[in-house]
Structure formats: C-alpha cells, structure tokens
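There are 2 protein chains.
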Amino acid sequence: LRAVDVIERKRDGLELSPEEIDLFVSRYSRGEIPDYQAAALAMAVFLRGMSPAETLALTRAMRDSGEVLDLSTIPGPKVDKHSTGGVGDKTSLILAPLAAACGVVVPMISGRGLGHTGGTLDKLESIPGFRTDLTLGQLRSVLEQCGVALVGQTPEIAPADRRLYALRDVTATVESLPLIAASIMSKKMAEGISALVLDVKTGDGAFLPDAADARALAQAMIDIGRGLGCRVTALLTDMEQPLGRGLGNALEVAECLEVLRGEGPPDTRALSVELAARMVHLGGLETSLEAARERVGRALEGGHGLARFRRVVELQGGDPRICDEPGRLPRSRDRIELRAERRGFVTRLACRAVGRAIMLLGAGRETVDGTIDAAVGLVLHKKVGDPVEMGEPFLTAHVNDRRRLDEALGILASALEIDEGPPPAAPLVREVAT
Amino acid sequence: LRAVDVIERKRDGLELSPEEIDLFVSRYSRGEIPDYQAAALAMAVFLRGMSPAETLALTRAMRDSGEVLDLSTIPGPKVDKHSTGGVGDKTSLILAPLAAACGVVVPMISGRGLGHTGGTLDKLESIPGFRTDLTLGQLRSVLEQCGVALVGQTPEIAPADRRLYALRDVTATVESLPLIAASIMSKKMAEGISALVLDVKTGDGAFLPDAADARALAQAMIDIGRGLGCRVTALLTDMEQPLGRGLGNALEVAECLEVLRGEGPPDTRALSVELAARMVHLGGLETSLEAARERVGRALEGGHGLARFRRVVELQGGDPRICDEPGRLPRSRDRIELRAERRGFVTRLACRAVGRAIMLLGAGRETVDGTIDAAVGLVLHKKVGDPVEMGEPFLTAHVNDRRRLDEALGILASALEIDEGPPPAAPLVREVAT
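Keeping their order, the protein sequence lines are chains A and B. For the first sequence, this note's numbering begins at 1 and goes up steadily by one. For the second sequence, this note's numbering begins at 1 and goes up steadily by one.
To be clear, the hints were calculated from the coordinates, so they are not data collected in a lab. Be aware that one or more of the hints could be misleading.
Said to hold, decoys possible - Partial pick of chain B residues on the chain A-facing surface, computed with a CB cut under 8 Å:
id: 1; residue: Ile33
id: 2; residue: Tyr36
id: 3; residue: Gly49
id: 4; residue: Thr171
Stated by the list, open to error - Here are a few chain B residues that sit away from chain A, every Cβ distance over 12 Å (derived from the structure):
id: 5; residue: Ala38
id: 6; residue: Arg328
id: 7; residue: Asp369
These numbers were taken from a predicted model, which means no experiment stands behind them. Cβ atoms here follow ideal geometry from the backbone N, Cα and C, with glycine treated the same way.
The following block holds chain A by itself, in its conformation from the complex (with noise of 0.2 Å):
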C-alpha cells in the first residue's frame, strides 16, 4: 500500500477501505508517512467526503494511535459529555460534578478555546492553582477519589489526532464534517466511557450554524459511537445567543458556582441539569428520564453537585475557597456600561459577534499560541426577549487591555437588536437524536 494510491482513490471520490484508512493513519502517527501527504489526504476528504464507514474506520484508527483508558477496576457507569462549542457555554463545570453526585464517573478529557468560542480548560484556569495537566495516573486517581476529573488531553490519548488536527489547522481543512467528528470521537472513545451525552450547538454562535449541518454532525457522531460500542444522545441546542450572563473565564466559573448553589440563570441552569439527566439516564442509573431529572435536581437542591465541584477543586490543586468566596476569582480593573439606545424587546443578540467582542477584550484566543486574559468578558444583563428600557445598561464588559477596548465596544453596540413587540419564544434544545 502505497500513501499516494491511497490518496490518489479519495481524489477520485473512491471509499477508502478499514484497511488503507488504518494503515494510513498509523503510519502518519508513526511519523512514516509525511505531513505534505496527510494534508493533501486532508483537502481530497474535504472537498469528496468520507462515508459512515470511512468516518467510523478514521476514528477507530486514531483512537487507536494511543491509549485507551481502561476505568473497569472503578464501580459505576463511565459517562462523558462534549459540547461542539459556543459563547458562554459552561455547563461542563456544572453538570460533570451534578453527574458524578449522581453516582456517574466522569472522565471529562476537554479542549481550549479558539475564536469566538470558550474552552473548558481556560475556565478551569481561572481558578488559582487548579491544573488541568494531569497525567493519565492522576487523572484516574482524582476519579477515584470524587468521581469525576476534568483535564486536558494528555499526549497518550489519540496521538494522530493531535497530529492531524494542526496539520488541519494550517492547511484549511478544519470545517471538514467527517474529520471533525473523527477528530471529538476518536478522543472521546479513549476515555474508556459506554456513553456519551453530545451538545451539538446551532445557530449565530455555534462552530456550524445551519442546523442541517449541525444534525449531520449529530448523526455523524451517533454512528461512530454506535460501531464502537459506545450509546451516543445528541442535544441540538440553541446558540443564537450567548448561554446565560456571565461571558468570559472567570465570569463563567462565578455563574456556575451561582448554578450550583441553586441560583444562576435559568437557561444555563435548564441545560446544565438536562444533560446531566441525559448522563444517568444513559449510564443506567435511572430506567427514565423524568427519574434521572429528578435524581439531579435533588443533587443540586442538596448541595452535592456543589460538594463534588469543590472537591474536583481541591484534589486539581485548585483554591477551594472560590467555591464559597467568589470574589477570590480574577476580577478586571475596569466595568463599561453599555446602554440601550431605545425602549421595547430585545430581539436578537448576535451571538458570534459578541463572542468576537469578548475574545477582543482578551477572553479568547485569535490563534492557536495566543494567551488569554482570565479575568475580562462580559456580564449581560438583558436576554432576547427581556424588555429594556432607553437608557438602562444591557451589558457590563469587563476590561484590563484597553487596545481593541473601541473594536470590541462597537461590535457590542451592533449585536443588540431592539423591537417593539417580543420576539417568539425559541426552544434552548431543539431536537433530541440517538
């Protein structure tokens, strides 16, 4: 087999066979085949697709680039969640310890932050002391102890992956359906998990707006965890807006600590407690959902979630006492008002270009290698929907960097759609599939 053929098949719109994708994939893992040969591999499956199998074959064969967990010696059912990524999208940091509360062991392996959307691992390090770089042995020992560790990908799990995916990054072939859900699922099913909870977002502010691509992803995603014995429930949820208040590192973690206390708004609170229902339901630790809500809501009515959140903290080498003391988290030096310029509803807040703003203040990443400010962002005050009044504030922006402060503020200004009358109700999850 050679790379060329192999490649030479896909330009043509040929199916792959199991056996070249897995050959081909280990040897680039191994460094025998080269970059310039995945990269045009890469722009052929870009622009001719991959079919179901093809897709199913490229995620077992980096899943098998490296290790996988095995979590059997640890009692109760192995559930992770992965969001496809948005504006304020936090819910990791709420659900993963309610699951686990729950009796579910979760093995939470996540990303950082590119664009316009957060990452799970630069909210985690806005909180003094708290490591994300744990080792494979770490993180199983933190799982031990409390049931559920959140960590970054460790150089063991889905090497190919690693690999291939800054190849995509520098070669245009990132929005490729296949490769990216080859690319979560290949890292997902190293956990050592038997389900999966999938937040695919849609709309303004998620990685793929149009919901017909979101539910391609969906089903993409359903179909790998089907053929590598893996249940898979896939939530489309609504990204036309940013998801709850608080916007930006250190706000987000605060916002949770307030969900987990049993306050917070409503919709991060909704989704946060709906995907932590779908984990137990899915790991079988209740035969219904409306059980499984139930088991969850009186976990975070007791505390629990709370507790597991503030142990997770304290076993990462984090500062336990923001768990009650918010303030200890990084605050900025500044707060910008932003006034509403009329009266009525607000009708729509532009949900990508606010996620822009906030990466402007320093919250984000523009690229790869670029550093994060964990203390800016955004508190919104006014949802879609909310009445305002002309004059009244709708935001606060939290602010050091003061060099793309006028960029950020007027993008800001922009997003804020206002109308007489409100807009129509709009479901936060839009479709469930499995």
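With chain A fixed as given, assemble chain B onto it according to the hints.
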C-alpha cells in the same frame, strides 16, 4: 497574506488574485511556506481547477522563481518545441538540428521519461559520452557555436516548478490540466524564446488520451504563451500507435539518424519536418508555412540537419562517429521475434501497452529514481494499416534483462490486433491550434 487563507479561498472555488499566487509561489520557493501547505493547495487546485488568469499567474511566478535566459546576443529567432510525451516520440533529435540548420536558435531544455513514455534526455544519453547536464554558460556556448543545444533542466531554471513537481508526484496531484500547463510553460518561458511549437499527443499512448483534454491543455498553453509574449502553435498529433519503428533509447537514436540521412519511417520523418517547419515559420524566417516546409526539406536532403546533429553531439561531449556508424550505439545481447498468429491487416497496436512493455524490458522507468538500459527496446516491422502474413514477424524485441521478459512479451502479443480488412487511415496531425 496568510498561506492558509489562500488555500481556503481555492478550496471554496474562488479565483485567486495574481498577487496571492505570486506571494504563495515565491514564499514556497524560498522555503517560507512548507510542503504541507503547498500539497493542500495543489489538491484544492486539482479538484477546483484554475482560471486562465490564475494559470498564467502561476506560470509567471514559477518562471520568475529562477533565471530567465537572455539570448539576445545570439543572432536569429529563438524557438523551441515541446511534446507532451508518447511512445517512440523521438522528433526532438531530428527537428532541433534541422531547424538550427535553417537559421533557428533552439535552446532545448528537456526532461526524462517516466512510466510508458520516453524522455529526450534518456535517448541522448544512449550516445556514448553525451552530456546533458550542462550549465547555463555551457548551454549558451553550445548555442553560439551550432545554434542548437539539447540539455536537462538546471537548478537555476524554475526552481519552484521543480519543487512543486516533486511534491505533486507523491500527493496524487499530477494529472491537473492547469498544473501541467503551468509546469511545462514555466520552464519553456525561462528559455528566453520568442516562439514555441507544441506537439500535444492524443490517443491511447498519450499522457492525456482524450482528445478534448489534449485540446484543452493545448489551449491553456497557448493562452499562457499569449500572456507572456511568446507565439505558440500547438499540433494535436496521433498517439494511437507508437511513432516510427524504433522504440527504446539507442534504437530511437538510430532511427533519428536514418531520418537525418533522408531515410527512416515516413511518420517520424513527416512529423519531424512538419514541426521543424512550424518552428521556422513561427520564428519568422519564412512568411509562408509552405516555404518553411520547403526550406526544411532542402536542409534535410542536403544533409545539413545531420551535420548540425553531428556538431551538437561533438560539442556536448558525445562520440560523433555514431552519426555515420550507428553500430557504435549500445546494442542488446538478445533479439526475440514475435510472429503474427493470423493473416490480415494490422488494425491496432495498443500504444500504452507497448510503452509499458518497453519499460518492462528496461528501457523506461517505473519510478522517478529508476535506472534504464539504453540498448533495449523494440523494432516494429508492422504498423497500423500494414498487411501481415500468418507467422510473419511483426516486431523484434531487443533484450538484456530477462526478469520481466515474459510479462513484456505477453503484453506485446495482446497489443497487436489483426483483422481481415485495413482500418481507415488516420491523419498523424489531427488539429492545429494557435
């Protein structure tokens, strides 16, 4: 300008600007853009195509990545010929000295053979002592002394094309019409010529068998020539059967010498004279094509072409005695005759299959780093349209290495088709495009 943005635009089917192409090629040529980004762009070009303006910009950028010859101090029109390659396609060795004998200056930079097609450099190097690896200074000196030089690509000529071509070979991006056209023309346009005659082969043994593809390639190269101030005429010529009778490097040189002596197979002679006449005409030495043909005919009959060939062989280090004693060319140890199994007329000599058989005998390369045997090949006793008796030899194989002999002979036996009646006559020059 970021390389990834250029790749993305081409990936999405947009037209790249000349500035984008210039920058990409010049940065690639300087090693500032890595092979993996060039590979991704090449695959995007393969699948999305390039407009004439993009192809022109690519050609210009690759030409300008190296030196462009200035031959203005040598008197006479500078004209070259390029063939897209075929089986037994040996006209360069005849027409170059013939055109030079008529007053054209021919700075011919050629390539090597690959797969079923032969290469001019390989044929020349079957002449004992003949050197094709001349420096640009030596090329100029030979041109000044005899009006024709027959050399290989130097490192100074279109280095970006050299690097990109090697990359395309291993990334399944060779057979792209705009990339082929730009690659050929970038080298030819660096020769400092004012006119170019193209011999675009079509039919079974051609690089592009389909006539529509060949026509499109011809048109793309004519358009590039127009954009870069070079007069270009393209002849679409038949490659349904090999050209001439001698196939294989020394056997082809021997046939060229026959033609230059006024003998040799009529198809090789006719095509060589026609192409040389086009060069004389396009170079402005005769105002009518008919007068150019007569001038070339006189040069041939007067032995002036042979004299020029003898001179260039001598100047490039070769043994000029081969011109009068072709027995001094390399000869194989063994001869094997293949005989017709029925009587009738030859209706087909499957050209690509014959080319492959010659390669298997050792006359060609399967991969770019393969070695060749100058002595081996075939002599065809029968060509399409010829009557044949049962048991009559239709070809003689000239053999040294017998390792793949059976495979080659099997292919050759199947390549011949005999029918009761003669096939319709097919013209050698199918179309002329300017």
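Hint-by-hint comparison with the structure:
1. Ile33: Hint on B/Ile33: violated, closest Cβ of chain A at ~10 Å, above 8 Å.
2. Tyr36: Holds - the Cβ of B/Tyr36 comes within 8 Å of chain A, reaching about 4 Å at its closest.
3. Gly49: Because about 12 Å separates B/Gly49 from the closest Cβ in chain A, which is outside the 8 Å limit, the hint is violated.
4. Thr171: Hint on B/Thr171: holds, closest Cβ of chain A at ~4 Å, below 8 Å.
5. Ala38: Contrary to the label, B/Ala38 does not stay out of reach of chain A, its closest Cβ about 7 Å off (not over 12 Å).
6. Arg328: Nearest chain A Cβ is 41 Å from B/Arg328, so the label holds.
7. Asp369: holds, 14 Å
Hint compliance for this structure: hints 1, 3, 5 are broken, all remaining hints hold.
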